[in-house]
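Let the sequences and hints guide you as you build the complete structure.
Protein chains: 2
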Amino acid sequence: MSDWIEAVAWNAEGLVPAVAQDATSGEVLTLAWMNRDALRRTVESGEAVYWSRSRKALWHKGESSGHFQKVVEIRIDCDADAVLLRVESVGGVACHTGRRRCFFNKLEGAGGERRWVATESVIEEPRGHG
Amino acid sequence: MSDWIEAVAWNAEGLVPAVAQDATSGEVLTLAWMNRDALRRTVESGEAVYWSRSRKALWHKGESSGHFQKVVEIRIDCDADAVLLRVESVGGVACHTGRRRCFFNKLEGAGGERRWVATESVIEEPRGHG
Chain Z
22 MSDWIEAVAW NAEGLVPAVA QDATSGEVLT LAWMNRDALR RTVESGEAVY
72 WSRSRKALWH KGESSGHFQK VVEIRIDCDA DAVLLRVESV GGVACHTGRR
122 RCFFNKLEGA GGERRWVATE SVIEEPRGHG
Chain P
22 MSDWIEAVAW NAEGLVPAVA QDATSGEVLT LAWMNRDALR RTVESGEAVY
72 WSRSRKALWH KGESSGHFQK VVEIRIDCDA DAVLLRVESV GGVACHTGRR
122 RCFFNKLEGA GGERRWVATE SVIEEPRGHG
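Just so you know, the protein sequences line up as chains Z and P, in that order.
If you want this note's numbering, it's the 1-based position in the first sequence plus 21.
If you want this note's numbering, it's the 1-based position in the second sequence plus 21.
Derived from the structure by calculation, the hints contain no laboratory data.
Pairs involving identical chains hold if they fit within one copy or between any two copies, as the list cannot separate such chains.
Within a straight-line C-alpha distance of at most 16 Å, the following computed EDC-like cross-link-like pairs (lysine to aspartate or glutamate) qualify:
#1 K127 to E48
#2 K127 to E94
#3 K77 to D58
#4 K127 to D102
#5 K127 to D100
#6 K127 to D24
#7 K127 to E27
#8 K91 to E109
#9 K77 to E34
#10 K91 to E65
Dropping the structure here:
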């Protein structure tokens, strides 16, 4: 019954990285982690559920912020050790910092002057952990 | 000089997951891993260099297949524990199976009938490890 779950190459901690991509804009929003229960709940609920490694708990994305991710499509890669979710990002804010996406830091400069620069501003004041 | 490298939240094995996204189509192509040396070489060469966890060696993507990834942009996320590369995928084949992208398996079906289905065909016969 759950062969599709066991087909995933879970790591030694029982986790797999999950990339969330905006289904409309194509932007890569977040990289989070899932355990078996998170993936099962994501599939059954149609909303992204991750495993928070810092809080060691299931994390229904949006539970504290309202910024749920409605799942349009779920994929795994050739080695089955990475998940890709195409999602609708509710409220247009995917990052717990209140930005549209988590990947707001871009490497700029050259040689010894390289640095990460935040290229996007906060849309909404942060609420909770996302 | 290398503060931008140490700003990355390397995991206990000294690695970080790196997502490669096609800069033109927006497709998520691969999820691979980098160590400090791989990230440094990626930045200096302008082509994606990963760390192969299976071969325990640096892996200049395309070295055996010709399918290099030319780097357009490098980002890290809010927690600095994930990298995003926007790339030009040389030859239009990013997967070692000869497909356009690694995420060719889609979850289909419902209830007890769910399964991963390959939704894309092989464009080119595989050569080497990618």
